[in-house]
Structure formats: C-alpha cells, structure tokens
Amino acid sequence: MSNTLSAGELNLDSPDLYKVQQSQSGFDVDWFQAKQAEAWKTWLETPMPQRTDERWRFASLKQVRELGRFQPSEFGVAEQPELLERSALLQKTAGRIVLLDDNLVVQDPISAELASKGVIFTTLTDAIARHPDLVREYFMQQSPELGSEKFEALHVALLRNGVFLYVPDGVTVEEPLVVYNWAGKEGGAIFPHTLFVAGKGSKASLVEFQQSVSPDSEHLVIANAHLYAADDAQPSHSIIQNWSPQALSFQLNTSNAQSRTNAKSVTINLGSSLARQEIHGRIFGSESNVELYSLNVPRGEQEVDQRTLQTHIGPNSRSDLLFKNALMDKSRTVFSGLIIVEEGAQQTDAYQTNNNLMLSEEAESNSLPGLEIGANDVKCSHGATTGRIDESELFYFQARGIPREKAQELMVFGYFEEIIQKLGDEEVVDCVRALVQAKFIH
Amino acid sequence: MSSTPDIQVDRDTGNFHYDTTYEFDAGVGLNEETINYISKVKEEPEWMREFRLKALATFNKKATPTHWASKDLENIHYDKIRYYLSKGQRPSRSWDDVPDDVKNTFERLGIPEKERAYLAGVEAQFDSEASYSNMKEELSKEGVIFVGSTEGLKEHPEIFRKWFGKVIPTGDNKFSALNSAVFSGGSFIYIPKGVKLKQPLQAYFRINAENFGQFERTLIIADEGSEVTYMEGCTAPKFETTTLHSAVVELVALKGAKIQYITVQNWSANVFNLVTKRGLAMEDAEIRWIDCNIGSRLTMKYPGVVMRGEGARGEVLSIALAHDGQHQDTGAKMVHAADRTTSNIISKSISIGKGRSTYRGVVAMPRHLKGCKNNTECDALLINQHSRTDTYPAITVKGNQNTVQHEASVSKVSAEQIFYMMQRGLDEGEAMSLAVNGFVNDLIREFPMEYSVELKRLIELEMEGSVG
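Order-wise, the sequence lines are chains A and B.
First residue of the first sequence? That's 188 in the working numbering, and the numbers climb one at a time after it.
First residue of the second sequence? That's 395 in the working numbering, and the numbers climb one at a time after it.
Since the hints were derived computationally from the structure, they do not count as laboratory data.
Watch out, some of these pointers could steer you wrong.
Think about it this way: if two alpha-carbon atoms lie no more than 27 Å apart in a straight line, the pair counts; the simulated DSS-like pairs of lysine-lysine are [to be verified]:
#, chain 1, residue 1, chain 2, residue 2
1, B, LYS465, A, LYS337
2, A, LYS517, B, LYS767
3, B, LYS456, A, LYS249
4, B, LYS530, B, LYS590
5, B, LYS806, A, LYS566
6, B, LYS764, A, LYS511
7, A, LYS566, B, LYS850
8, B, LYS748, A, LYS566
9, B, LYS764, A, LYS593
10, B, LYS465, B, LYS652
11, A, LYS517, B, LYS590
12, B, LYS587, B, LYS530
13, B, LYS456, B, LYS530
14, B, LYS767, A, LYS511
15, A, LYS249, B, LYS649
16, B, LYS448, B, LYS548
Here chain A is said to cover these stretches of chain B; the calculated rule only asks that three of the stretch's residues, wherever they fall, bring their Cβ under 8 Å from a Cβ of chain A [what the hints assert, rightly or not]:
#, stretch
17, 667-675
18, 766-779
19, 788-797
Don't be surprised by glycine CBs; every beta carbon is placed ideally from N, CA and C.
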C-alpha cells in the first residue's frame, strides 16, 4: 500500500475524503472548521434531489446525482505563465485575482489609495486569516434555498478558497475588480466562493470569469457567490460562466439588500453541459432597487437550469428580473422564477420576465414564472415569451439587400444586447459581447 | 323582451337541506365492498365493475399531491365519507313524478322554471343519482342524447365505452382515480353529426346529505360539425363537517365540432371541490371552458384541452373569487398535439379578506410541431391587506415554429379610482364593487346573459363589507 493518500486522489464518494482534506489543508480556524464539519455531515445526511421536489421540476437529475466520478484538486499549483496571459481580458481594472483549481495563482494588489480607504480585495483564506470577524459576520449567512441544499453543503465542506471583496462605507471603486477562476484538472471538482460586502453608500463592481484551461476536460464546479448591500450601496456583480462544454456546474447565489440600495447582478452562461443556477435576491429594506439579469446562449446539447427567487421583506422596494435565452441545436433551458411579496411588503414593485428565442427545431425551453403575493398594495407582473425570429422583420432586412443569414445574426445580436449593456463598464461590455457573438457564430 | 331566467348563485339560496330517507346507501368508508355495492345497485356490466375496482387500487396507491398542492388536502378523511346515496328513483321525465322533498329542493333552486323558460334540456342530480331529466322533444328527434351516466352506459354502450376514460385516464391523478372507482350520476351527451344546438343543455348538482361525497361523471361527445353549450351549476347546504365533490368531465369534439362548457361553482365553504376536466379536440374542433368558481373551501380544477387534430382550438376563461377561508386553486392545461393548434387562457381572480387564489397552468408544445400559438393572461386583484394570490405557470416549447406568450399581473383597486367614484356620490362599498366588476367585466361578457347578470350581482354581494 502507498503511504498517505492526498485528497486529490480520492473521489467524492470516498467516506474518508473530508478527513483527508482537513488533515492536508493546513487550515486551523476553529469556527471555519466547525462550519465545514457540520456541512460535511449535512452533505452525507441530505438525500439527492427527487423528481417530486417542485424545485427540480423539468430538471435533468441523472447527471446531478452521479458525482462519484469527480476528484478534488491538489493543494498548490506550479507557476502558470500561459494562464496569466489568458487572464487578461480586461485592461482597466482596480484589482485582479487568478485562481486555478481553488489555488491562488496570482493576485494583483489594489492601489495604495484604495487600500488606505480600507478596501479589501483578497482570497477568502487570506481574509479569514486577517479579517476573521468581518468574514465570519457574512460567511454563509444566507442561502438561496432553491433546491441545492445538498450541493451547497458539499461546497462548504470542501471549500478551499475564493474571493473576498469588502468596500467600506462611502468608498467608491471606479474600475471593476476582476476574478479569473480556472478549472484545470481533468475530472476535478472545485468549489469557488465569492463574498462581496458593500458598505453603506459604497459603490463597486466585481466581475468573475469562469473558464476551463482546456475545452476538452470535464469538471464539477459548485460555486457560491453572496452579495451584501448595506444602506445606499450600489454594488454590481457579474459572472461570465464559460466552463468547458463537458462541465457540470452549480452557481448558488444570494443578493441581500438593505435600504435605498441599487444592486445589480448579471449572469452570462456560455459553457457547461449542465449549468444549474439558483439565485435568490432578498430585499430587507425599503426604497431599494435590485436588478437580476441573465443571458444564456446554449448550443449542442447544453442545458441551463435556472431557479430564481425575489423575496420582498421590506416595503416600498423594487426588483426587476430579466432572463433571456437563445437556444440553438438540441439545447434545453429551464427558467423557474418566483416573486414572493411578504405580508409587510406593501408598495412593492416586482417584475420578472423570461424570453426564449428558439433558433432550432430541436431546442426545448421550459418556463415557470411564478408569483406568491401576500400584500395587496403592490405592483407585480411577470411575463414569459417563447418564439422565433420574426419573419416580417427578416423580410424587412432582406428587402434592403441584407442576406437572410446576416439578418438573422443581426437580430440575434440585438436580442443579446439588452442584457450585455447591463454589464455597465465599457470594456466588460465589449469583451462579453465578443465572447457571446463568437459562441453564436462558431 | 322576455325575462331571462335567473341562475341562483347567491350562496344563501342553496343553504337549506331536507331530511331524506335513502333507499340505497353504500355506508361510510371506501373499500371493494363499497364498489361492488354501487355496481350492483346500478346493474352495471362486469367490465365496469372491474374498471372501478382497478381504479380503487390506483386511488389507494397514489399519494396525496401535497408536494405541490395545498396541505389542506390532508384534512379529507376518506373513511368518514358516504360514497353512494340514492332514493332508488329512475330519473323522472315529468316534474310531477319527482318525489316531493327532492322537488322542493329544486323548486328552491328554480330548476323547472328554467326549463320552461329557456333551456333545451335539464338534468338535476340529487346526491348520487339524477332525479329529474328532460329534454325538448325535437332534440330527441334529431338524435341528441342527454341522459345520466348510468343510463348512458346502459342504453348507448357502444358510444359510451368507446370514449369513457379515454380523455382522462383513471391514473391521471388521485382524484380522477377516486371518481373512476365510485362515480355515479353526471351527464352523458351525444350530439349527432352537423346538429347545432341553439340553446344550452343544463345540469344541476346538489349535495343534500352530510359527510357525503359527490362523484359525478360527465361525458360529452360532439360528432363532426356539431355544436353544443352545456351549463352546470352546483350548490350544497352549509353542514358542520366537510364534504367532498370530485367530478370527472370528459369532452370529445370530433372534426369541426364546437363544445362550450360553462360552470358556475357555488358549493358552500366546507366543500372540497377536486375536479378533473379535460377535452379532446380533433381537426378544426373547438373546446371552450368557461369556469367561474365562487364557492367551496378548496377548489382544485385545471380544465384542459388536448388539441389532437390540426387546426384545433382550446380556450379557458376563468373567474375565481376567494373569500376568508377559501382557496381557489384553478388554472388551465393546454396540450398542443398537432400543427396549427391555438389556445387561449384568460384567468382573473379576486382575493378578499384572507382569501387565497392560485393560478396553475400548463402549456405544452412538443417537438416537430408547426404554427402553434398560445396566449395566456392571468390577472389577480387583491382587495384587503391579508389577501393572497399565487401564480404558477409551466410552459414547455420545443422547436422554433411556435409562439407562446404569458403575462400575469397583480394589482389592487387604486385609491384614486375609489376616490373618483366617491366624489360622484357612491359610497365606498359601491365604488369598490364597481371597480371589481370592471376588473372582471370583459370575462363576464363571455358568459351567457343570464349568468353574467347574476355573476355581477353575486360579486356585489361578495364585496359587501370587504372595504376597510
């Protein structure tokens, strides 16, 4: 027999995995380890999701249930000069963190000026070591509660690293802070964690690029991202999911808004064979505006399964959700959204829209836009449309000499643009536009 | 203009009951003996008894669907319900032959007058069996069949068996299985080719006994090119204990036929109303469900249309009014199974006090279909601070040749609207009532006149005291 196994040699079905990983992590923060131990227990005790669970209606459960084939990554990585070159999609940034298989590759420090104002942009492990109280106050305080509790528990139990962004009260960070999350190991499982805390009256934007080193590798990704917006904060958080087309990915997010905030989350989905996403926006305060956007461009046999929840707890706030899908080939999407207006949340304005553009005979879209309204003085609406490119509009283009295929492309790009523009920062907009269009044309 | 007969949807009109002695009583609780008893009393063929027994097994096997539906379903005690009660009467053809106490009940509900005044045929069901049925002679001459389900099975077995249980299979859901096991009464209707009924056929359902479950079964077949409108109303007295009504209604519209099915449901507020309704529309056929739910404790009803033939059309127009202690869980199910099929769903609900209304819908367009369209609109109006509404649609579309559009909104009556009307001399209650009537007005117009007038009046009544 060999000496000691490393965690990276075990798979997710191994009963010893947790013990082995803990012994090798070199991480000894009591409260954090207690959370991980508890989460491992929850992972073991929670059953796999069932078809009868409404939160998994229309879902492809088979892939999700078989996780034994994945292995955690090794601790530590060699230098990655080539990866660093590929981690330069944006030039004008306030800071950059590059992670490969949950290990830090490089961290470009934020400016001395921002640091002096108290901005923290670092890895999660570094933050736990240097700002334990701050991290502890927010870490896993909220959960999307949309069906993936078991996978969330696995995420916490095997979590090794991630990103912590803290913007103190009244501080504005003009340029985006950027994270490149890479998945490298063939058959590897990674658990990236993002914690974004926006202090009172602060303003900042965090952009995450999620990519695979090789387009041919298979991965399991269970990522979590949590955004906390204090009163008057204006945070923006974007995720560009572009894992390999073989990846099984989970993205479990919450966005938590106090009063008078202006919080925005944008998710662009390009990669993964199956991307399951749960996004829960909670508004605790009043006069807040929370916006949730998503653009999904699946092709081949890709599947995007999104569950969203907009919960209005405080009165007199607004939330707006717009999720757009453009489906090619044999791809499949599920959008299941719910707006909950709790009893005290009078004067709520809540909107939810899901558009599906069907671009092939074999594509399938499932749309479940829901409302649960417990207050009477509200304005709530949802809409869902599923259709194809309008023939009369195509005709209009063709009548002006633009070939049919080009016209179709222009119309699809126009359809994407509504979400792409929500990314705000000009460089991010250009970069994502190029990625999305490349995927469509390819 | 002759006076239109009024449909008594006012809840108090139905709040009375007569002590009636029943000749046939299957007792309390449900087991194979109950089924054998019902089948024997009804002198059914063996295949039907076997069908019922199989359905009972399915019912017992199926779980109560509380993973998505209301937990209130757990309050139904199947072992305390009476599944079959009958006076042993054959349906009377003449009003004079109806037993006095049953006659009194229907007199109070205004049934014979209606027939005289307007309707083409009337069938009234008292607990388990039809107690009165009649149809204008000229319709019989044209070959129209309008009888109870038992009579339909007995006298027209060839048509009955061909379609019975074909639109809604026994195992569709727990309650369709229950109905398939113990069904009794309901209508069996056949409209021959090309016959277009100008006047509606009508049925009344009445629960008179406490702890009783009513399980009527209706099957309507409209042959090629025919047209029929069917209206049903239902009432029950306010008993202390809960009552169960679980019907199955199957419609078959053959090529080019049109069926319009209108329901005004006004069960008392202790009735569990769990109904499965679905129609099969063949080539160029049209099925419209017009559904108004005002009564019951919990209604779960999602009328559906399976558009099997090219160019078929399905429609559901639904109004629900949920008061304190009521949950109207209604909706629609549209299954597009052929090219160029179109469907339309319009649902309006009003929640008053602590009432809760829910819209649940399914729109499905499977692969390789072309030119299918669906339009869905759900609007909810919340009157009071604790009123509640939910919307749960599910839309599945495959391929790029179809279009679906779904819209839902939730609102309240605006303060400006009320203020405006009060400025012009209405009191607050009247203003509220007018606003609510305005909200449902476009839908109410789709109901036949005599229904729409009464519905408006009823909404006014329901709105009384809801302000403030």
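Hint check, failures only = Going through the list in order, the structure violates hints 10, 11, 13, 15, 17 and respects the others.
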